[in-house]
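With chain W's structure known, arrange chain E on it following the hints.
Same order as they appear, the protein sequences are chains W and E.
The first sequence maps to residues 11 to 276 in our numbering.
The second sequence maps to residues 11 to 276 in our numbering.
Hints should not be assumed to be uniformly reliable.
No copy is singled out in the list; a pair is fine if it fits within one copy or between any two copies.
Here are the computed lysine to aspartate or glutamate pairs in the EDC-like style, where the Cα-Cα straight-line distance is at most 20 Å [stated by the list, open to error]:
#1 LYS80 x ASP47
#2 LYS116 x ASP34
#3 LYS36 x GLU120
#4 LYS147 x GLU86
#5 LYS183 x ASP204
#6 LYS236 x ASP58
#7 LYS23 x ASP62
#8 LYS36 x GLU135
#9 LYS116 x GLU83
#10 LYS207 x ASP253
#11 LYS87 x GLU188
#12 LYS183 x GLU18
#13 LYS207 x GLU188
Just so you know, these hints were derived from the structure itself, not from any lab.
Protein chains: 2
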Amino acid sequence: MNRQSLVEQIRQKKSYLCIGLDTDIKKIPIHLLNEPDPVFSFNKAIIDATSDLCVSYKINTAFYESMGVKGWETLEKTVQYIPDELFTIADAKRGDIGNTAAQYAKTFFEVYGFDAITVNPYMGEDSVRPFLEYDDKWTIVLGLTSNPGAADFELLKLDHHYLYERVIQTSMKWGSPENLMYVIGATQSHLFSDIRKFCADHFFLVPGVGTQGGDLQQISAHALNKDIGVFVNVSRAVIYASDKENYAREGRSIACQLQQNMLTYF
Amino acid sequence: MNRQSLVEQIRQKKSYLCIGLDTDIKKIPIHLLNEPDPVFSFNKAIIDATSDLCVSYKINTAFYESMGVKGWETLEKTVQYIPDELFTIADAKRGDIGNTAAQYAKTFFEVYGFDAITVNPYMGEDSVRPFLEYDDKWTIVLGLTSNPGAADFELLKLDHHYLYERVIQTSMKWGSPENLMYVIGATQSHLFSDIRKFCADHFFLVPGVGTQGGDLQQISAHALNKDIGVFVNVSRAVIYASDKENYAREGRSIACQLQQNMLTYF
Chain W
11 MNRQSLVEQI RQKKSYLCIG LDTDIKKIPI HLLNEPDPVF SFNKAIIDAT SDLCVSYKIN
71 TAFYESMGVK GWETLEKTVQ YIPDELFTIA DAKRGDIGNT AAQYAKTFFE VYGFDAITVN
131 PYMGEDSVRP FLEYDDKWTI VLGLTSNPGA ADFELLKLDH HYLYERVIQT SMKWGSPENL
191 MYVIGATQSH LFSDIRKFCA DHFFLVPGVG TQGGDLQQIS AHALNKDIGV FVNVSRAVIY
251 ASDKENYARE GRSIACQLQQ NMLTYF
Chain E
11 MNRQSLVEQI RQKKSYLCIG LDTDIKKIPI HLLNEPDPVF SFNKAIIDAT SDLCVSYKIN
71 TAFYESMGVK GWETLEKTVQ YIPDELFTIA DAKRGDIGNT AAQYAKTFFE VYGFDAITVN
131 PYMGEDSVRP FLEYDDKWTI VLGLTSNPGA ADFELLKLDH HYLYERVIQT SMKWGSPENL
191 MYVIGATQSH LFSDIRKFCA DHFFLVPGVG TQGGDLQQIS AHALNKDIGV FVNVSRAVIY
251 ASDKENYARE GRSIACQLQQ NMLTYF
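Isolated chain W (complex conformation) (with noise of 0.2 Å):
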């Protein structure tokens, strides 16, 4: 998907919204269990309530690895079934050597089919490379992340900036708002306006709305460009915002609420 068709649905939707299936087998409704596949039929109906609401879905892949080669079928499955129209990004979080990043690359954009990839960049400019090259395809770089790790490297401080800065700064030269994004997490929302300050153009993927604790005001009110520019992401407060067989209708009800929030901001 291009930048165009990608801000053309965004304003078409008046939605950032980003809905992450991080879906638990432990924590859908106990009455999907019976079904062929309870994390597909989980995903599908949770895509069928919302996806008039969002502009995309994200996939954390570690919840599919986690149940085995099964695992990766339900996942081909439910990117199959989310409507083309929808920006579908892999929350794979890879980062290899140059050789290696082209076989995830391949796997994502070519095997699966997604229009992102979320990529780990501690290794340097030939982990990223090879994702980049793909047409209408997005690299979504890790910059500063939500969790509280975070303090560990990313907000490490290098002279006069911090490393995920450095981070962003250098791997702007790699590719151009036409084709990489940057995680940004959510509960660090002060700094969004300083990194806009020098990274104006480009989407930010913004995970750490709902459980983690961010918030979706600050984070319109510093990160949104002239594009609209940002996916905020719910993933939790969305996908188990029931536990009972209305899971999909409340679901939907939550989506609701932060598209009406997001109103505003068109």
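Okay, now just chain E, sitting in the frame of chain W:
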């Protein structure tokens, strides 16, 4: 596998060779393409030909992931085929927030039964801790890697330290030499002595020998400790020693030369 068993195996075989099964279906001998699972047939022959010469196999998950769901079946069969006494490493370079990292730990330690996994430290402590909670399993944190991109961030200066040194020194507090190892790239062998000054006891996984240009003598001279404390990983130079039917025998011949060169260090 605990440290004692690992060190005993190394001393018994007089080898600290790890063979990387980074098997690319495009690079294996063409006669294997008639087999029902060509990559598994290839791996099986390599394992049969080399398991008395090495102490570990490292499976680079990217090469399996890029074959889709079937690739994971091949990966599973390969891990199960490796004799129990050999140390198995999932070279997966995973890293994510705590609840997601726990899913990755489950995937590689429980579902596939690996002894160890490589982990990317960028996201800090809570992204590494869940892997360390397993008894007799090992977390191999990326320290300094062997690729050109290592210069972008890993070799950045923080006060008087490089970032990778800070990563090692900080993460050493999270585990012990009984459950934590480091990836240290072989192309940077002059730095091994510096790292051993503050990280004397931990095992290092050293990729980059062979195709990537690392030198076995240099590594051995600078990186070994009282328990040997090193895995030297060789992938392409062994597994692609020949592209003909004699590939396993030729691979064994390279593995044998490497093990012979290791003899002098026992």
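Against the structure, the hints:
For a Cα distance limit of 20 Å, the shortest separation of LYS80 from ASP47 qualifies both inside one copy, at 9 Å, and across copies, at 18 Å. Taking the shortest alpha-carbon separations for LYS116 and ASP34, only the inter-copy value of 13 Å comes in at or below 20 Å, while the best intra-copy value is 26 Å. In this homomeric assembly, LYS36 and GLU120 come within 20 Å of each other (Cα to Cα) only across copies, at 16 Å, whereas the closest approach inside a single copy is 30 Å. When the C-alpha separation of LYS147 and GLU86 is checked against a cutoff of 20 Å, the pair qualifies only within one copy, where the shortest distance is 18 Å, while the shortest distance between copies is 30 Å.
In this assembly of identical chains, LYS183 and ASP204 lie within 20 Å of each other by CA distance solely inside one copy; the values are 19 Å within and 32 Å between copies. With identical chains, the CA atoms of LYS236 and ASP58 are never at most 20 Å apart, being 30 Å at best within one copy and 60 Å at best between copies. Taking the closest pair of Cα atoms, LYS23 and ASP62 come within 20 Å of each other only inside a single copy of the chain (7 Å); across copies the shortest separation is 62 Å, beyond that limit. For the identical chains of this complex, LYS36 and GLU135 are neighbours neither inside a copy (38 Å) nor across copies (25 Å), given an alpha-carbon limit of 20 Å.
Proximity of LYS116 and GLU83 under a CA criterion of 20 Å is satisfied in both settings, with 17 Å inside one chain copy and 18 Å between copies. Neither within a single protomer nor between protomers do LYS207 and ASP253 lie at most 20 Å apart by alpha-carbon distance, with minima of 42 Å and 53 Å respectively. Neither within a single protomer nor between protomers do LYS87 and GLU188 lie at most 20 Å apart by alpha-carbon distance, with minima of 28 Å and 40 Å respectively. For a Cα distance limit of 20 Å, the shortest separation of LYS183 from GLU18 qualifies neither inside one copy, at 26 Å, nor across copies, at 49 Å.
For the homomeric pair LYS207 and GLU188, the shortest alpha-carbon distance inside one copy (18 Å) is at most 20 Å, but the shortest distance between copies (45 Å) is not.
Checked against the numbered hints above, the structure violates hints 6, 8, 10, 11, 12; every other hint is satisfied.
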